[in-house]
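Protein chains in written order, with my numbering: chain A, 651 to 1543; chain B, 153 to 312; chain C, 1350 to 1426.
Everything labelled a hint here was simulated from the structure, so no lab data went into it. Only a predicted model underlies this, so the values are computations on that prediction, with no experimental measurement involved. Virtual Cβ for every residue (Gly too), placed ideally from N, Cα, C. Careful, some of the hints might be misleading.
Derived list of chain A stretches under chain B, where covered just means 3 residues or more per stretch with a C-beta under 8 Å from a C-beta of chain B [stated by the list, open to error]:
| id | segment |
| --- | --- |
| 1 | 1152–1160 |
| 2 | 1241–1249 |
| 3 | 1289–1298 |
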Amino acid sequence: MQIRRLKTGGCIDRSKPIYFSFNNRLLDGYEGDTLASALLANNVSLVARSIKYHRPRGIISAGLEEPCALVACADEHGMMIPNLKTTEARLNKGLTARSQNCWPFVELDIGALLQMGSALLAVGFYYKTFMWPKDWWHRVYEKFIRRAAGQGRVTYDADKRLYDKKYAHCDTLVIGSGPTGIEAALSAAESGVSVILIEQDCVIGGSVLWEKTSTDSLTTIKLKQYKNLRFMVNTLAFGQYDHGLILAVEQNKKNVESIFWRIRAKSIVFATGATEQPLVFPGNDRPGIMLAAAVRQYIYRYAVIPGKRAFLAIADQQERELTEKALQVAGVEIVGSLGEGDQITGTSGWHRLRKVHLLNKKSISCDLICVSNGWISNAQLSAQMGDKQTFATSLEQRPNPQQHTGSAKAFVDLQNDVTRDDLALAVREGYSHIELAKRYTTVGMGTDQGKTSWPNAIVELERLSAQDSSRVGLTTFRPPVSPVSFGALVGVETGQRMVPIRRTPFHNAFEKAGCVFQTTGDWLYSRYFRVGKESMNDAILREVSAVRTSVGCVDMSTLGKVDVKGRDALEFLSRVYCNNIDGIKPGRLRYVLMLREDGILYDDGTVAQLADNHFLVTLTSANAGQSWRWLNKLLQLPWPDLDVQLTPVSDHWASLAIAGPQSRNLLADLNPNFEIDKTSFPFASVKQGLLDDDTPCRVFTVSFSGELSYEINVPAGFADQLFKRVLDKGAAYDISPYGLETLDALRIEKGHISVGTEIDGRTTAADLGLGKMVSTRKAFIGSSLLQRPVLQQPDRMQLVGLIPADGSSTIPAAAHLTDAPWQVGKTQTPLGRLTATVHSPTLGHSIALALLERGPQRINQKLWAVSPVEDKSVEVLVVGNCFYDVEGSRLHE
Amino acid sequence: MSNPLQISQQNMNGLWSIRANASHDLNSVSKGLFNQGIQFGEMLANDKLRLIQLWPDAAYLFSEQAELPPITNEFENMITDISHGFCTIKLTGENALTFVNNYCSADLAQSDITNQCLRTSLGHYQILIWWNNSDEVQLLVDRSYAHSLTDYLGALAHRN
Amino acid sequence: MLLIPCPNCGERDEIEFDYGGRAIQYPALNNSMSDWHMVLHQRDNSTETIEEFWYHQSGCECWFKVTRNLNTHEFES
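Using the sequences and the hints, build the whole thing.
This is the structure:
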């Protein structure tokens, strides 16, 4: 029953009643109500319990500054949203709201017993307690504190709502649609620039809504006149960032829960208005004590009477007169007003205000106190970019406002239950600067960010420490201005959409062939191929065996590929790579290493010469993007005089490597129009032509697996066709397509290095046994600093192989190498660490690659591979870093 | 909605990267194809070819045919076939341009963009955009990202 | 997010760019270790401005140098 609703007036639509539930009570309101106005209309004044003392709290404001009346709401999806301000939640059909932080009911909360121990719960009590006995922290205190702390409860259900994220650009952005904002927006629009006007409330109007009974519809018509003006309501600007960037969240949309706006403006008008401040007096937190302008807004905008007997505690005359007029219009009895020299010494009432007590021993019965201690402009957005507010007058200059004292608690921060006594304690302990007092007492640190507490806190600290506000300081404002949900910030990028995923040209064909994929870096890449119901391990055994004994095929499309042309192409590549490549000829390729400027190994790849002044460079998949940037940088910054043209062709070429003793036979079956015998097409060459007279191709003789191998590149559109033909012709050799697991196993068996494992930003080419690849007769990127002593030291960690000493144990992954087994509590200095391990299908036991101090000199020594994480120690034998076909004869068969 | 947003993905027919070198600049190639020079940010098009220059020293040449036009043979060293490396995603419908503008980091309505083409980011995807009118916008994206981007655009369209 | 002034494309959102670190000028490849060390590792650590490189990845793919005020983040031309 809306017993506190006026019969006429307000911006609500009485033809559209809305039913909702609050603490399981069925109530009703109208469209246009907030949850707060509907609750007040139903004469519900007790809404919540305070965070620390569990004191009964009601609604004190009509806006974003609400510190107390926070509830948990379930929306129509049944999703629980905690800590929602009743003054912000629009009334919707089926809204279910519940008080938080109370048990069993908001009317009878067992937490209120905490008040009895309030002397022990003074601010900072947790810095001085819960420390003894020491192990009780984990066993007792922490569990209890975690349950008792906080206000709302988070739901663990997945959020199924849709969120959106958009960009907007404009010349002028106006934030706030009160009279100032409207005027600014209209005059900007009139001048012809592009304007965006945003308003956090659901209607245009701002402060106009507190003083009039309806919004000015003429204003909306005026705004709609301009094609270059766009206005959005329900849009909260929550942060200001560099170079005119405002982040905002728009809610109450039809298709989506919210739109997160990134608005870039050439100029911004902050017409964000001001927030009225409450009065600090003993017992100033009871339900029924409300901000004066909020009372007016409830009367005029929502046609709701927040009380029947009102007492006024308003300093400013104009504010008092406006409030008196509103109360009279609403038929509320004004039972008294705070005069000059009057002091409030306390209040009475538990679930609701009943009386106010004044200094002259007078007690006045009332159910509403309209308070106002002045206004503070909402300058948080400016402050976020460093424009700090200051008090215009110093402590001595200001008229000394009446301080209200008494025995009861006088609250400075209504959300975090911080009292004047708490601030006094902070000052006594030396924390008189606001930044210190804030953290010590938590004043202003609630979800309301102290909108109705930080100014009073500074004034109280000034008085308590007898210092000016310039010494007390100002708090720092950080985004968001009001809480914003995570969903809003994430937008559409949930699940698989969080990062862009790349697919190779073989993806669809592989899927049909039973491929199991995994994400690796940017890519969705083949992990292994499942035949029938085999397990992954069985698949890997099958695939490795195929490659080592017959033939397999693997996707190499993820490698970065760069087409290099130009008169200075060879000179450029000579400077970029540390190998001697000046002897390269058309039709040949080199395995090459790229160093960083400081001599550390950065990437490995190949350079193939296709024709005069025409090369194709390959880059490791993981580094492809970074290397492309690097090559561009070199040509643009230090060497702009080189005549070189780079074109990225990574996605243009699909690349399938066929590897194994039968690979040449298979290649022949694919019908290339060029010679492929050992002499015409040796290892480390490239040939271009056609397969079956219809498929353009480039074939490279490179091998990551260590077997005879041909990397067949075709333009990506031919990928499906190529794979199909390879499988068809390969059936004769029992071909197995393979993926990352097998690729890795094969390369570890051969001791081939890889980025991220052996190339880890700390190793040099020599550390990995590739010192001979580094030229000694030319200068290149890194050649100078490569000579620095620390990179030349003989006791550096160098690449070796490891096998289990007993021939069968599994070497733990990521293990460290020590000279004794792992023991808890014992300190050991590792001699090295593993870079890769695998159970070798070819050799039948575990193998590992490792970086070991003086590695090559320790061959045949026994060491321990220890893993504290797995609590395992395995004795290993140090061997060379190649476990299979050490001479590399299989490449030249 | 009278003309809802349609999203379609296509492979390319002919697409080449043309890079200026010490002997020839992009104007030489452009004059050969369109009888006029080209500058940064410009798009030239006739019924067979489209040339877009969005790098100081490089431009992309689009063609309905998979073969290079004959006139460019003398500039062979400047040209690289990249037709298989990209896909086009076409967005048609009322406000297609507004839709794309909402999700790009660049401002498509900016007067600086005299020719209706630019390279920018949409979500975390790098794309090249061009359009002739606000009801049809073409995005050029790396082939490997095309599937993800089409899905991403679909999710965005779902929210509008 | 900064608004970065690309010399070719105009002002664009930072998301389109890759940061290139402080602007340094390489010595010749065969210069001494000391020369390379000074350029790569010694910084003057100004508190006022920094000269730095940006790479317009989702744009013209150019590397360019700007001067940025370290206190206000304004780009000085």
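Check of the segment 1152–1160 of chain A against chain B for coverage (Cβ-Cβ below 8 Å, three residues minimum): The restraint on the segment 1152–1160 of chain A holds, since 5 of its residues have a Cβ under 8 Å from chain B and three suffice.
Residues of the segment 1289–1298 of chain A with Cβ under 8 Å from chain B, three needed, outcome: Since 5 is at least three, the answer is holds.
Chain B covers the segment 1241–1249 of chain A, three or more CB atoms within 8 Å, holds or violated: Violated, because only 0 residues of the segment 1241–1249 of chain A bring their Cβ atoms closer than 8 Å to Cβ atoms of chain B.
Hint violations for this structure: number 2 only, all remaining hints satisfied.
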